[in-house]
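Asker: First to last, the sequence lines map onto chains D and Z.
Just so we're aligned, residue 1 is where the first sequence starts under my numbering, counting upward by one.
Just so we're aligned, residue 1001 is where the second sequence starts under my numbering, counting upward by one.
Don't take each hint at face value.
To be verified - Cβ-Cβ distance ranges computed for the label pairs, FRET-style: (1) Z:Arg-1201 - D:Pro-378: 41 to 47 Å; (2) Z:Arg-1201 - D:Ala-34: 47 to 53 Å; (3) Z:Ala-1245 - D:Gly-31: 28 to 34 Å; (4) D:Trp-44 - Z:Val-1184: 33 to 39 Å; (5) Z:Arg-1010 - D:Arg-83: 24 to 30 Å; (6) D:Gly-141 - Z:Leu-1040: 17 to 23 Å; (7) D:Ala-276 - Z:Val-1184: 39 to 45 Å; (8) D:Gly-156 - Z:Val-1184: 46 to 52 Å.
Stated by the list, open to error - Which chain D residues face chain Z? A few, computed with CB under 10 Å, are given here: (9) Arg-19; (10) Thr-28; (11) Arg-30; (12) Thr-32; (13) Arg-35; (14) Arg-83; (15) Asp-108; (16) Pro-171; (17) Leu-244; (18) Thr-280.
Rather than coming from a laboratory, the hints here were simulated on the basis of the structure.
Cβ coordinates follow ideal geometry from the N, Cα and C atoms, glycine included.
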Amino acid sequence: MSPDGGALVELHGVWRRYRLARNGRAATLRGTLARGPRALRRDWFWALRGVDLAVHRGQATALIGPNGAGKSTLLRLAGGIGRPDRGTVRRRGRVGAMLDLGRELHPDLTGRQNAELAAVVAGLTRAEFRRRFAEMVDFAGLHAFADQPLHAYSDGMRARLAFSVLAHVAPDVLLVDEVLAVGDHAFQQRCIERIAQLRDAGTAVLFVSHDLQLVQHVCERAVWIDAGTVRERGDAVDVVRAYLAAASTTPAQAEGDPTGPLHDVALRDPWGSPVACLTTGQPLRVSWRVGADAEGRRRCTSVVLRRAGQDRPAVDTSTPLSSEAEAFEVAFERLDLTPGRYEVVVSVHDHGWAECLGQQRVELDVRGQGPDGAALAPPHVWQRRPG
Amino acid sequence: MTRAPAAARRAAARRSVDLAVVLVARDLRASYGTAALGLLWAPLTALVQVGVLSFLFLHVVPLDIPDYTAFVFCGVAAWQLLSGALVRSTEAFTDNRDLVRRPGFPTVVLPLVTVGTATSAYLLSLPVLLAVLVATDRLRASAALLPVVVAATAAVVAGPALVVASANARFRDVRHVVGAAVGVLFYLTPVFYDVADLPARFRWVAAANPLALVVRLHRQVLYEGRPPGAGLLAGCLAVGLAGTAVGLAVHHRAAAHLADEL
């Protein structure tokens, strides 16, 4: 596993920014001309701030971190999709990517035609493709369907075809981004096996996943990205442990009564990973358990989100519950809070809200753009015209 | 970066050619279907337009151009190549976001593929055009130089294709602008009339329009039966080189953020 005289991919002091969409839609020429010189002023968001990364032959490196930390941006730059705004990216060899498996396939073309397109796009010549096609179909288990148009395929079959093509291109560098969200369990197992095989054959693998167990299974090294910078790097097990420790709900224990009815209060992202920080507009799930009430009282349980040090809640939602034990989860589709430190307070009251039976707090760090003083930063549009 | 060895450069060139072939094949299959009959759509749309224009300018407003059907067919075929490439290329990036997001994918290929697809459609309607030329006894040896003319056409349109594709990725309404502009250019380009019929004070309109150069080249070789004029060819070459240089520069600038705009 030692580096053979140089990295296959090397990023040096890489900065990358994004243009913030004005109203969540693509810009139009008409709109830009109508706004005049003001349109030239741009709003930027720095997704990466001076990141170094080297990926060596036969090495699998995981990129972990909360949503919006910059993992996918880093992966793309490593693969030569776009260029950094500052810093350098050097790359040697053929790059394969498993991102959105099957999305690039065309519904009106047959499996064979699609496979040819995908293989040539991934770096094979047509002659090489013809030599390897039988093997690809074999691996995907799609013999009967090779010459059927793609709209006859199920989603799982499409993913299998796409994966199989990429797995037979034998790239020098392989980028994997949440690829295992598609397909059934058996297919996922084979994907992981195949990725490990490619790694052992010398492919450098860059792996993005929220599944931290999988990360430790596939990768020996990990890089923890946080708010566009590298927070920690090294042995995958160590980095994952540090990440979990920092992102876990430790503050909840510090600020709650462990003997009360509330247990397991946790903040998570939609994939189930614990979060302690999110970017404005991102989703959040709050989950907890309420134990049975010894006195048989009917009760209420609530989630309040408020800025640290303030009384007025930014978000307040509650539901009644019986005296039985129950588990809860509140999924916020998006939290358009301005950046700052917040606390999530989960509590249980009696039915008449007279007595607090238990309360726990979890700190939440919201990052992003926007004025600190305001309460909300929802997506919005400005329009103006002369009086 | 060290220079790649010759073998690696050959492999890369081989791959680029294969990529273009595969993508043009995909576009043709997608627009005309995989059935053999589907490919007839390309000459059919040309024939319909030729039919309408012939009716108009032979019977309604006679233009007094000999063998008008052969004359207008040359113009329509060249025009369909030009307008097809321009209109299609606006969506070369926006319709292929998943390809743009492939690592190492040479995005510059996509607008050029639309030019290739439009050229293939032109070649598909060529047999019908040649049949009309034979029927009117206009086909001469000069038609053998058609490949040069087609290459000049592709060169003229390659630069604009790169520009409008990049612009439409940034501003999504560029395709409407291009659509409207192509509609106007159809009348400003001598497709269904002869440049010689333009009043002298309007000749500059055709002279300033590179698309007119291309249409006139097609007509010289096919309809007039003489070799392509050196002046016209030189003009196409100059427009092609300058346009492609601008197009490549615009694309290079757009490429840094292309994947994010889609």
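Asker: Could you tell me which of the numbered hints above are not met by this structure, giving the numbers in increasing order?
Answerer: Hints 1, 2, 6, 7, 13, 17, 18 not satisfied by this model.
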